[in-house]
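Starting from the known structure of chain A, arrange chain B on it as the hints suggest.
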Amino acid sequence: GNSVTQMEGPVTLSEEAFLTINCTYTATGYPSLFWYVQYPGEGLQLLLKATKADDKGSNKGFEATYRKETTSFHLEKGSVQVSDSAVYFCALSGRSSYKLIFGSGTRLLVRP
Amino acid sequence: GAVVSQHPSWVICKSGTSVKIECRSLDFQATTMFWYRQFPKQSLMLMATSNEGSKATYEQGVEKDKFLINHASLTLSTLTVTSAHPEDSSFYICSARAADNQPQHFGDGTRLSIL
Numbered sequence: 001g002n003s004v005t006q007m008e009g010p011v012t013l014s015e016e017a018f019l020t021i022n023c024t025y026t027a028t029g030y031p032s033l034f035w036y037v038q039y040p041g042e043g044l045q046l047l048l049k050a051t052k053a054d055d056k057g058s059n060k061g062f063e064a065t066y067r068k069e070t071t072s073f074h075l076e077k078g079s080v081q082v083s084d085s086a087v088y089f090c091a092l093s094g095r096s097s098y099k100l101i102f103g104s105g106t107r108l109l110v111r112p
Numbered sequence: 001g002a003v004v005s006q007h008p009s010w011v012i013c014k015s016g017t018s019v020k021i022e023c024r025s026l027d028f029q030a031t032t033m034f035w036y037r038q039f040p041k042q043s044l045m046l047m048a049t050s051n052e053g054s055k056a057t058y059e060q061g062v063e064k065d066k067f068l069i070n071h072a073s074l075t076l077s078t079l080t081v082t083s084a085h086p087e088d089s090s091f092y093i094c095s096a097r098a099a100d101n102q103p104q105h106f107g108d109g110t111r112l113s114i115l
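In order, the protein sequence lines correspond to chains A and B.
Under my numbering, think of the first position of the first sequence as 1, with each following residue one higher.
Under my numbering, think of the first position of the second sequence as 1, with each following residue one higher.
So that you can see chain A by itself, here it is in the shape it has in the complex (with noise of 0.2 Å):
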């Protein structure tokens, strides 16, 4: 079945530091991908997606790149902020369910 790796957490950076958080699926089809953020206490809000290969999604300075070939798509940031601390979720979506399949999500902290 359809699954998502995320690297675990928590990831602990210094302000303006760049990001990387790994995230690997396994999928039939051509799946959607997509990056969620979920702030303390709140629900999760979409960050970024792509639906083919090769897309970049990007919102915000974050990007990720929808690689087929290593089935990855990996979220970056050049510079991070205090305020991008917060839990990450990579998901995916089927092409014929559109159920959303998420990863377990990376905590970032960010210090000043």
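Calculated directly from the structure, the hints in this document are not laboratory data.
Glycine is no exception: its CB is placed at the ideal position from the N, C-alpha and C atoms.
Treat the hints loosely; a few may be bogus.
[Stated by the list, open to error] What the simulated footprint calls covered on chain B by chain A, stretch by stretch (three residues with Cβ under 8 Å from a Cβ of chain A suffice, anywhere in the stretch; the number is not a length): (1) 38 to 51; (2) 99 to 113.
[To be verified] Non-contacting residues of chain B with respect to chain A, defined by C-beta distances greater than 10 Å in every case (computed): (3) C13; (4) T17; (5) D27; (6) K64.
[As the list claims (entries may be wrong)] Straight-line C-alpha distance at most 30 Å; calculated BS3-like pairs for lysine-lysine: (7) A:K49 - B:K41; (8) A:K99 - B:K41; (9) B:K55 - A:K60; (10) B:K20 - B:K41; (11) B:K14 - A:K99; (12) B:K64 - A:K56; (13) A:K68 - A:K99; (14) A:K99 - B:K64; (15) A:K49 - A:K77; (16) B:K20 - B:K64; (17) A:K99 - B:K55; (18) B:K41 - A:K77.
Same frame as chain A, but now just chain B:
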């Protein structure tokens, strides 16, 4: 952007009572709404999918008589936790989407604590 409102945001109640959580799409019509449960520091687990006007589809292992879902209109779905017990304490999150190929938009979640 699309807004989903979830109410209440926090509820504490005694064991044995029933609790209703509302999920509303404020600026779009949601043909499908989803209910998730999230345990502390864990990912979201899909509980059920509800389509307006039809019965909800529950994921394996989720008791449909325990977690009653109603999706009576295109802007409102409710989750009722019946005869709640401490093990039902959790963070419940709903999401809504306008069509199959549209992204899900999430509510802010409801923290349920059963004493």
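So, going through the hints one by one against the coordinates:
| no. | hint | verdict |
| --- | --- | --- |
| 1 | 38 to 51 | holds (count 6) |
| 2 | 99 to 113 | holds (count 10) |
| 3 | C13 | holds, 19 Å |
| 4 | T17 | holds, 23 Å |
| 5 | D27 | holds, 15 Å |
| 6 | K64 | holds, 17 Å |
| 7 | A:K49 - B:K41 | holds, 23 Å |
| 8 | A:K99 - B:K41 | holds, 22 Å |
| 9 | B:K55 - A:K60 | violated, 39 Å |
| 10 | B:K20 - B:K41 | holds, 24 Å |
| 11 | B:K14 - A:K99 | violated, 33 Å |
| 12 | B:K64 - A:K56 | violated, 39 Å |
| 13 | A:K68 - A:K99 | holds, 20 Å |
| 14 | A:K99 - B:K64 | holds, 19 Å |
| 15 | A:K49 - A:K77 | holds, 15 Å |
| 16 | B:K20 - B:K64 | holds, 14 Å |
| 17 | A:K99 - B:K55 | holds, 17 Å |
| 18 | B:K41 - A:K77 | holds, 23 Å |
The structure is inconsistent with the numbered hints 9, 11, 12, although it conforms to all the rest.
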